[in-house]
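Just so you know, the sequences run in chain order A and B.
Residue 286 in the working numbering is what sits at position 241 of the first sequence, and the numbering runs on without skipping anything.
Residue 155 in the working numbering is what sits at position 110 of the second sequence, and the numbering runs on without skipping anything.
Worth flagging that the hints you see were computed from the coordinates, not collected in a lab.
For glycine and all other residues, C-beta sits at the position ideal for the given N, C-alpha and C.
Some hints here could point you the wrong way.
Here chain A is said to cover these stretches of chain B; the calculated rule only asks that three of the stretch's residues, wherever they fall, bring their Cβ under 8 Å from a Cβ of chain A [to be verified]: (1) 183-195; (2) 279-292.
Short, incomplete list of chain B residues facing chain A, as computed with Cβ under 10 Å [what the hints assert, rightly or not]: (3) 86; (4) 213; (5) 217.
The following residues of chain A were derived to be distant from chain B, with all beta-carbon distances above 12 Å [to be verified]: (6) 129; (7) 135; (8) 141; (9) 208; (10) 214; (11) 245; (12) 271; (13) 278; (14) 285; (15) 300.
Protein chains: 2
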Amino acid sequence: MSDPRPIGVFDSGVGGLTVASALMRALSSESILYLGDTARLPYGTKSPHTVQRYTQRNLDFLLDRDVKAVVVACNTASALALGTAELAIPIWGVIEPGARVAVAEHRRRGRDPRRPIGVLATESTVRSDAYAHAIRRLDPEATVRSVACPLFVPLVEEGWTHDEVTRRVAERYLRPLLEEHADTLVLGCTHYPALRDVLEELVGPEVALVDSAESVADVVRTGLAEADLLSDGDTPPSHHLCVTDVEARFERIAAQLLPSSKATLELVEV
Amino acid sequence: MSDPRPIGVFDSGVGGLTVASALMRALSSESILYLGDTARLPYGTKSPHTVQRYTQRNLDFLLDRDVKAVVVACNTASALALGTAELAIPIWGVIEPGARVAVAEHRRRGRDPRRPIGVLATESTVRSDAYAHAIRRLDPEATVRSVACPLFVPLVEEGWTHDEVTRRVAERYLRPLLEEHADTLVLGCTHYPALRDVLEELVGPEVALVDSAESVADVVRTGLAEADLLSDGDTPPSHHLCVTDVEARFERIAAQLLPSSKATLELVEV
Numbered sequence: 046m047s048d049p050r051p052i053g054v055f056d057s058g059v060g061g062l063t064v065a066s067a068l069m070r071a072l073s074s075e076s077i078l079y080l081g082d083t084a085r086l087p088y089g090t091k092s093p094h095t096v097q098r099y100t101q102r103n104l105d106f107l108l109d110r111d112v113k114a115v116v117v118a119c120n121t122a123s124a125l126a127l128g129t130a131e132l133a134i135p136i137w138g139v140i141e142p143g144a145r146v147a148v149a150e151h152r153r154r155g156r157d158p159r160r161p162i163g164v165l166a167t168e169s170t171v172r173s174d175a176y177a178h179a180i181r182r183l184d185p186e187a188t189v190r191s192v193a194c195p196l197f198v199p200l201v202e203e204g205w206t207h208d209e210v211t212r213r214v215a216e217r218y219l220r221p222l223l224e225e226h227a228d229t230l231v232l233g234c235t236h237y238p239a240l241r242d243v244l245e246e247l248v249g250p251e252v253a254l255v256d257s258a259e260s261v262a263d264v265v266r267t268g269l270a271e272a273d274l275l276s277d278g279d280t281p282p283s284h285h286l287c288v289t290d291v292e293a294r295f296e297r298i299a300a301q302l303l304p305s306s307k308a309t310l311e312l313v314e315v
Numbered sequence: 046m047s048d049p050r051p052i053g054v055f056d057s058g059v060g061g062l063t064v065a066s067a068l069m070r071a072l073s074s075e076s077i078l079y080l081g082d083t084a085r086l087p088y089g090t091k092s093p094h095t096v097q098r099y100t101q102r103n104l105d106f107l108l109d110r111d112v113k114a115v116v117v118a119c120n121t122a123s124a125l126a127l128g129t130a131e132l133a134i135p136i137w138g139v140i141e142p143g144a145r146v147a148v149a150e151h152r153r154r155g156r157d158p159r160r161p162i163g164v165l166a167t168e169s170t171v172r173s174d175a176y177a178h179a180i181r182r183l184d185p186e187a188t189v190r191s192v193a194c195p196l197f198v199p200l201v202e203e204g205w206t207h208d209e210v211t212r213r214v215a216e217r218y219l220r221p222l223l224e225e226h227a228d229t230l231v232l233g234c235t236h237y238p239a240l241r242d243v244l245e246e247l248v249g250p251e252v253a254l255v256d257s258a259e260s261v262a263d264v265v266r267t268g269l270a271e272a273d274l275l276s277d278g279d280t281p282p283s284h285h286l287c288v289t290d291v292e293a294r295f296e297r298i299a300a301q302l303l304p305s306s307k308a309t310l311e312l313v314e315v
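Chain A on its own, in the form it takes in the complex (with noise of 0.2 Å):
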């Protein structure tokens, strides 16, 4: 059995790029189909009613457009709608992939009960507590510290990934991480990744920095081996990217993060 339909892959941005980038390594002969919701991001500072309603017409689209199988890639629509979700095909998010990696990275460190894994995410993330959850599912002694990084994607938005002001603002909302001595950081949110080299500067070489979307390809892979929905790759794999709004950014940030890929772009009503 093949099945050559395509992968859908949702975020609310253009973050969720990087995760598409990552299935398109690791799984390619999949075909993506990529729907970033620009006209009403950021989900992140809204509320969870909010993000259940735009995460399920975001679902609807994607299956109108005869996807085999979801990933939804922003961190804050996983925490918040998941749950929530109604779809007939497999669907996954990022925060329990996130999970099992920081649960590894911690045992990795000896799993000192006192060195808490530190989770930075968006405000509504952090306000659902799913990554505590999902962490302490796995390990039910590991301490979590949650911290909102509200400033995070604008900073990465305006470009300021090496800079100055970066600095200090991740310096304020790292500190109760820093002074708890924690060993393992989840990036909970698509745009973080950016951030790495400053917050690598701030807590050193022996903490782990934990990106989800890393992990999303094994545990995709590994479902739809087990749905029997893998494609054999005679079809030759398409990358389309549809967008709720066409910002110039959208476009520049895509070619910087899909180099190779002939994507092509669609401007859509979700």
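For chain A, the structure is supplied; the task is to place chain B on it using the hints.
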């Protein structure tokens, strides 16, 4: 003739409450129906097409609620969508009133063409060049320098209005305006008046800081009188706030901005 119907005020979020508050003070016999499109904010990073689409939906909502006139408190929507909006009742934006005050302040400071009028605004407002057009219509010799300040809104929303980080960000954004000795600065977004202290400290007391909210009430009063739409106050005025997403923050900021108002709050879908 007296018309007791409310004046509709809309903004992408909570910032427009400063305009609503100014209207309540200046026109105490008038009822106000406020709409904050908090589910889809911010507008300032989005394309003209999307801002126009959302603005028209908001106007239709206010019209359904039988307002007699509309004030677009959002600078971005005023800049991008006032020209395309379809409405059979009077509508006013904040660009024109702001430009009027800026030109008056520039004149009061000697109207030196080598000293520009500076405009601080969102990316979309700056790209539209709406303030420059409005200012040059009033004073064709004025030089206008517009600067996009995308980090100001998130800094205000984080509550860092009197903060070293904010001072550094402001310093960077204002550098070109300081170098050119701007004599007047338009605060071209409803969030920016919250940064007045930081900005004043940077530019010094001789530079005028112009807040559109303050002058809109005059324009509305004159406009309502001309159209014979003023209320005589026989009906007690009501203040009602509608939002498309409810966040704890909105209620807190609303309580701060409208301390004496018995405004009621309603979650709506637009």
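Status of each hint after checking the structure:
| no. | hint | result |
| --- | --- | --- |
| 1 | 183-195 | violated (count 1) |
| 2 | 279-292 | holds (count 4) |
| 3 | 86 | 8 Å, holds |
| 4 | 213 | 5 Å, holds |
| 5 | 217 | 8 Å, holds |
| 6 | 129 | 16 Å, holds |
| 7 | 135 | 29 Å, holds |
| 8 | 141 | 27 Å, holds |
| 9 | 208 | 9 Å, violated |
| 10 | 214 | 6 Å, violated |
| 11 | 245 | 21 Å, holds |
| 12 | 271 | 37 Å, holds |
| 13 | 278 | 37 Å, holds |
| 14 | 285 | 20 Å, holds |
| 15 | 300 | 18 Å, holds |
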